[in-house]
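A.B. asks: Let the sequences and hints guide you as you build the complete structure.
Heads up: the sequence shown begins at 1 in this note's numbering, then just goes up one per residue.
Everything labelled a hint here was simulated from the structure, so no lab data went into it. Even glycine gets a Cβ: it sits at the ideal position worked out from N, Cα and C. There could be a bad hint or two in this list.
Unchecked claim - Derived pair list, reagent style DSS-like, types lysine-lysine, alpha-carbon separation capped at 30 Å:
| no. | residue 1 | residue 2 |
| --- | --- | --- |
| 1 | K168 | K96 |
| 2 | K168 | K123 |
| 3 | K168 | K196 |
Stated by the list, open to error - Pair by pair, the computed Cβ-Cβ distance ranges are:
| no. | residue 1 | residue 2 | range |
| --- | --- | --- | --- |
| 4 | A136 | D172 | 16 to 22 Å |
| 5 | S138 | D100 | 28 to 34 Å |
| 6 | S190 | A136 | 29 to 35 Å |
| 7 | A85 | D199 | 18 to 24 Å |
| 8 | A72 | Q194 | 32 to 38 Å |
| 9 | E178 | G102 | 31 to 37 Å |
| 10 | T112 | D198 | 20 to 26 Å |
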Amino acid sequence: MEIYSTEEQQVEAIKSFWKEYGNSIIGGAVIGLAGLFGWNTYQDYQREQAEAASVAFEATIAQTGATDALTAAVDELTLSHGDSAYADLANLMLAKAAADSGDLTQANQRLTEVLASIDADFKPLVQLRLARVQMAQSDLDGALATLAGISNEAFVAQRDELKGDALKQQGDLQGAREAYLAAQTAGSSSQELQMKLDDLAI
Numbered sequence: 001m002e003i004y005s006t007e008e009q010q011v012e013a014i015k016s017f018w019k020e021y022g023n024s025i026i027g028g029a030v031i032g033l034a035g036l037f038g039w040n041t042y043q044d045y046q047r048e049q050a051e052a053a054s055v056a057f058e059a060t061i062a063q064t065g066a067t068d069a070l071t072a073a074v075d076e077l078t079l080s081h082g083d084s085a086y087a088d089l090a091n092l093m094l095a096k097a098a099a100d101s102g103d104l105t106q107a108n109q110r111l112t113e114v115l116a117s118i119d120a121d122f123k124p125l126v127q128l129r130l131a132r133v134q135m136a137q138s139d140l141d142g143a144l145a146t147l148a149g150i151s152n153e154a155f156v157a158q159r160d161e162l163k164g165d166a167l168k169q170q171g172d173l174q175g176a177r178e179a180y181l182a183a184q185t186a187g188s189s190s191q192e193l194q195m196k197l198d199d200l201a202i
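C.D. replies: Right, here's the structure in full:
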């Protein structure tokens, strides 16, 4: 870097620098400010969308049972805020209500849709629910395929126990026993699981 010995040289150097680079500096500053304001506007928009989704979700959960009103509310929420977690939660709620009322087709449909969009951390929970619905529909191969997609260690015990249930329904008692034992190895110590194993030993 050149060292300037007098104030006059410094002033002349600044003038020369500004003449050469001034427009670029101003342009960069304008772009930077525009980007900042644009980002703030985007953040405001995201916040408004999240608040709107929250309000829509509150209105949705005010409905009870797998009624037409609940289905319509969930569909509206999904249409308006399909990329939000609220849409996934609402569809999970509707899937449960549908299953409880015996509408397994809708429960299956909703859970399948949620699987395509929900965060990976929550996917195993949805897969377990879907597998239970598939078993209730006697789609045992489908249930086993769904369970095979679960690799998160936190859900392995539940996966293996449910796999044992599906295999038992298929008549594969040896496979069911192996799955139940795998569930125990994975950490499940429930009395219900032990009873299932005891039943197979008879």
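A.B. asks: Against the range 32 to 38 Å, how does the distance between the Cβ atoms of A72 and Q194 compare: consistent or not?
C.D. replies: 45 Å, violated
A.B. asks: Hint check: K168 vs K196, CA-CA at most 30 Å. Holds or violated?
C.D. replies: 10 Å, holds
A.B. asks: Is the gap between the beta carbons of S190 and A136 within 29 to 35 Å?
C.D. replies: 21 Å, violated
A.B. asks: Go ahead and decide if the range 31 to 37 Å is satisfied by the Cβ distance of E178 to G102.
C.D. replies: 32 Å, holds
A.B. asks: Between T112 and D198, does the C-beta distance stay in 20 to 26 Å?
C.D. replies: 35 Å, violated
A.B. asks: Holds or violated: the 28 to 34 Å window for the beta-carbon distance between S138 and D100?
C.D. replies: 18 Å, violated
A.B. asks: Measuring from beta carbon to beta carbon, are A136 and D172 in 16 to 22 Å?
C.D. replies: 19 Å, holds
A.B. asks: Check the hint pairing K168 with K96 against an upper bound of 30 Å on the C-alpha distance.
C.D. replies: 24 Å, holds
A.B. asks: For the pair supplied as a hint, K168 and K123, is the alpha-carbon distance within the 30 Å limit?
C.D. replies: Roughly 25 Å between the alpha carbons, so the hint for K168 and K123 holds.
A.B. asks: How does the Cβ-Cβ distance of A85 and D199 compare with 18 to 24 Å: does it lie in that range?
C.D. replies: At roughly 40 Å between Cβ atoms, D199 and A85 fall outside 18 to 24 Å, so the hint is violated.
When held up to the earlier numbered hints, the structure conflicts with 5, 6, 7, 8, 10 and fits the remainder.
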